[in-house]
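Colleague: Guided by the hints, dock chain B with the ligands onto chain A, whose structure is given.
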Amino acid sequence: MNFSSINWKRAAMQPGIPVLLLILVALAPLYGSGYIVTLFTYFILYMVLSVSWTIFSGSTGYISLASAAFYGVGIYAAAMFGERMPFIFVILIGGIASFILAFIVGAITLRLRGIYFAMFTFGLVVLMKEVIHYWEITIEGTRGHFVIYQSNETIFYYLLGIFIVTMIVAYIIRKSRYGLALASIGENEEAAGHTGINVTMVKVITFAISAVFMGAAGAVMATKFTYIDPGVAFNPMMSFSPALMAIFGGMGSIYGPVVGAVFFSYLQEWLMTGSLKNYYMLIFGAILVLTIIYLPSGITGLIQNLWRRIRGARSAPTRG
Amino acid sequence: MHLLEGEKVTKYFGGLAAVSEVDFYVDEGEILGLIGPNGAGKTTLFNLISAALEPKPGVIKFRDEQINGLRPYKICRLGIARTFQTVKIFGNLPVIENVRVGSLFGPLKGLSTAEATKVALELLEFVGLSKVAYTPARDMTLVNQKRLEVARALATKPTLLLLDELMAGLNQTELLDTMELVKQIQKKGITIIMIEHVMKAIMGICDRIIVLHHGKKIADGTPEEVANSKKVIEVYLGEASDAGS
Ligand SMILES: Nc1ncnc2c1ncn2[C@@H]1O[C@H](COP(=O)(O)OP(=O)(O)OP(=O)(O)O)[C@@H](O)[C@H]1O
Ligand SMILES: [Mg+2]
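Sequence order for the protein chains is A and B.
The first sequence begins at 0 in numbering that gives the first Met the number 0 and counts up by one.
The second sequence begins at 0 in numbering that gives the first Met the number 0 and counts up by one.
Bear in mind the hints are in silico, worked out from the structure with no lab data behind them.
Keep in mind the model is a prediction, meaning the values are calculated, not measured.
Backbone N, C-alpha and C define an ideal beta-carbon position, used for all residues, glycine too.
Any given hint could turn out to be false.
Facing chain A, according to a computed beta carbon distance under 7 Å, are these residues of chain B, among others [said to hold, decoys possible]:
#, residue
1, 71
2, 75
3, 81
4, 91
5, 100
6, 104
The shape of chain A in the complex, shown without the other chains:
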């Protein structure tokens, strides 16, 4: 590991297999059925959410449950501006609105530690849902909104684009001096402050950056629903899933949350369409508990350790 020194040549060579996979996925609409495209769309959605969740929570250790709020803000951005503007602007608005919300919420709540921060961020999801619900009923006299339609392929490619940007940003942050600041905050926040890091600023900005991608993803996905209301937009599962996927996948490498997202979205798809529909949450929870107890660095951490043992290398520093 080496923070703050991006070797661009190596960075370009290293992800050979992932890039190949990415191209294979990108071509899915050409060879796959509509079902495959939809399935992949959900994979990518959860990949975006869990990677962006990890940008902030993975490094600092602050467990955010606000993902659904940022995702929902993106959904509402699409509902409000979808008809008036080109799709790309709608997506940008979703991202920017989420950034602003996260910035404000971060500035208020990032003094809270541990469970209090998790609770407050989850409260934000509930609050957003209730406030918008109230607004719609009393002021607009409606319940929910229509969202302009986009084809499955459009949704797929926009989401894929967001995913690529998310990965690049996550990579740059992780390898930069900024990533080192985040890591040191995660290790010991007090010492980080006394070592010259503007802890509050770094936390708030990172929290806001991670929200951008959630909001953008929400704006894209909204067009899949055609009709949305606060219950759909601010679904608490969208807060829990990214966190659980990232923890399961492992946050020591950038691929961890990706693996976790694919695994759980596939599991979800498989269980939901079968007779085990009612057990999804139960299985989800059980896997998570087992992961936390037995695989503290997630499934990718396990694979890395096995790989290291196979090569006979002695314990090298983890992370990154």
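Modeller: Chain B with the ligands only, in chain A's frame:
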């Protein structure tokens, strides 16, 4: 002008005056010792200087500018670095990254990443940790973790360094090594305030000593003056005669 000066610095925890109306100063180039029984308020005073806590009431000035009320990272960038009594390292990061955090974020004018690495390696050499530069910090002995904190603090390019019980729990050789290290730091032109219970170290290297007791300053003077002060012998040196061993 003193480098650092405190006027009637006070800190209450509930009803307890952990630090009570303490006036103090340190001049450029000095090694100032801060001693006193357990719970006297020494660490709290460090916390006040480094802005982990805010004095209420009281004023702390650095180069004649009031610094209380600033945030810890600002204090660090102004040139006041510290170590911790209970070590606070970045355990899962390699030793060298711990120090690089200091050199990347601590100085007023940040270094380039290459310079930061160079500085970090030099400082690890200086404190004697070159060999373990790439091991995770948590895997080191406590003694080495304390040395790592010194290197990290030095990486921020301080004018004033606050050392909180750097010598606690050392054997004789380590103690002599560490005393030598502190003198070397002074030679670099860095002013030092050190909290210690180890009398041999304090008496050996400090230019001046302040004694705290129940949050109050009870003595301030050269090592000889303090060692001969009746009051100090009564409340501290008498009771803590074993602390010198
Ligand atoms: N954060 C805190 N909250 C409440 N009380 C505190 C806090 N920090 C310190 N104290 C109390 O303030 C008093 C001074 O503590 P301090 O740690 O400054 O002592 P010290 O001189 O460093 O002692 P030692 O030699 O044991 O390290 C003690 O009574 C301690 O219990
Ligand atoms: Mg103390």
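Colleague: Would you mind marking each hint as holding or not holding in the structure?
Modeller: Status of the hints after comparison with the structure:
1. 71: Since the shortest Cβ distance to chain A is 4 Å, the answer is holds.
2. 75: With Cβ-Cβ at 4 Å, under 7 Å, it holds.
3. 81: Constraint on residue 81 (chain B) satisfied, holds at 6 Å.
4. 91: 6 Å, holds
5. 100: Constraint on residue 100 (chain B) satisfied, holds at 5 Å.
6. 104: 4 Å, holds
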